[in-house]
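The task is simple: from the sequences and hints, build the whole structure.
Number of protein chains: 2
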Amino acid sequence: MKFYDCQTAPSPRRVRMFIAEKHLNIETVQVDLRNGEQLSEAFLAVNPRATVPVIETDSGARFLSTAGCRAYLEASHPEPALLGRDATERAEVADLIAAIEADAFMAVAECLRNSAKGMRGRALTGPQSYAQIPELAERGRTRAGRFLPELNAALEGREFLVGETLTAADIDAFVFVEFSQWIKLDVPATLTNLARWRTAVAARPSAGL
Amino acid sequence: MKFYDCQTAPSPRRVRMFIAEKHLNIETVQVDLRNGEQLSEAFLAVNPRATVPVIETDSGARFLSTAGCRAYLEASHPEPALLGRDATERAEVADLIAAIEADAFMAVAECLRNSAKGMRGRALTGPQSYAQIPELAERGRTRAGRFLPELNAALEGREFLVGETLTAADIDAFVFVEFSQWIKLDVPATLTNLARWRTAVAARPSAGL
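Chains as they are written, first to last, in our numbering: chain X, 1 to 209; chain Y, 1001 to 1209.
Check before you lean on any hint, since a few could be wrong.
[Claimed, not checked] Away from chain X, derived, C-beta distances all over 10 angstroms, residues of chain Y:
| # | residue |
| --- | --- |
| 1 | Asn1035 |
| 2 | Glu1037 |
| 3 | Leu1044 |
| 4 | Asp1095 |
| 5 | Ser1115 |
| 6 | Ala1116 |
| 7 | Gly1118 |
| 8 | Arg1122 |
| 9 | Glu1135 |
| 10 | Gly1163 |
| 11 | Arg1196 |
| 12 | Val1201 |
| 13 | Ala1203 |
[To be verified] Partial list, computed: chain Y residues near chain X (C-beta under 10 angstroms):
| # | residue |
| --- | --- |
| 14 | Ala1042 |
| 15 | Pro1048 |
| 16 | Ala1067 |
| 17 | Arg1158 |
| 18 | Glu1159 |
The set of hints was computed from the structure by calculation and includes no laboratory data. Owing to the predicted nature of the structure, the values given are computational and were not obtained by experimental measurement. Note that CB positions come from ideal geometry on N, CA and C, so glycine has one too.
Below, the structure is given as structure tokens:
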């Protein structure tokens, strides 16, 4: 198996942490997003969508999204379960991943990609070029800021977002909070649940990779 | 169990078709999105995110996203499998759902919500109001149009998108193609795989609900 990663990018980190929490050793290939390697002919042959993460199996099958990579790893290496242990947990984890994706990750990405000079023409991931929309940068910042108290509320009286152990929901929420620093969005000191949980997740070996 | 639906909206249709393909009978509650019922105090008590679909279990647990509702139904009623039968299929279905969500559904929604007069201040779903961004309407239409040939290519030589039977990937792709008519985006006659598959999916009883 092969994992196409980019050490500096948030999306592949969601899979990198997932792999580490599964205690798997997978050969890792770094893709240099900062220098546009995802748009090279060689990488487009791996993933025409021009994104990481990608998981490639020994039989040559490739999974091209965070969700696809993690669905494969969870089904092929069920323990420890990171997508929920029963129907209710699976649904709760899926709900949180969906909310974090749409309202948190996409919000930070919208802010960053629609404002950074180095991202001109790269307002969206993928092989196509899309122009920046400044209003979207503003809106993204607002939305990302609104998500932090939601996360804080979801962590009230809980060690992890779902069940008694870490799941992919915690991974995604953690990577979002880290990613939000790219747009200088700090966690307000009043969000004490979020701060406590963030310190605990940051201390895990998977978070240091 | 209860299913909060809206007969006229694309997102709950993705769960409505899923329920029908599972041959489940679930009490259905219609939420009148056209008249803003999702923003009523009564519905916000069900889902503070102000969206359908929602599944409510007999024990009162609620799942608030398409992914959460379907994860619950798949785990609690595994047959017929609609999220893939093994690790590879599960990953392929997840990959397609992620691509359709980000590049197809969101594209049509961006076009519609950022241009329709009745959607002023409703550029995003949820309890918050966000102003329309006309450039986003244009971009959404372009992106949705670019996804149709991708779907056509994915259907080359295949009856369904993944494996030998219908999965949630087909459901989402089908609901996207139907939804794209709201922005008057027709399937070009040259996309013959897509046209053939669309006719087949449209003939299923689940598509008529």
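Results of checking the hints against the structure:
no. : hint    : verdict
1   : Asn1035 : holds (24 angstroms)
2   : Glu1037 : holds (21 angstroms)
3   : Leu1044 : holds (14 angstroms)
4   : Asp1095 : violated (3 angstroms)
5   : Ser1115 : holds (14 angstroms)
6   : Ala1116 : holds (18 angstroms)
7   : Gly1118 : holds (20 angstroms)
8   : Arg1122 : holds (13 angstroms)
9   : Glu1135 : violated (5 angstroms)
10  : Gly1163 : holds (13 angstroms)
11  : Arg1196 : holds (23 angstroms)
12  : Val1201 : holds (22 angstroms)
13  : Ala1203 : holds (29 angstroms)
14  : Ala1042 : violated (21 angstroms)
15  : Pro1048 : holds (9 angstroms)
16  : Ala1067 : holds (4 angstroms)
17  : Arg1158 : violated (15 angstroms)
18  : Glu1159 : violated (20 angstroms)
The earlier numbered hints that this structure contradicts are 4, 9, 14, 17, 18.
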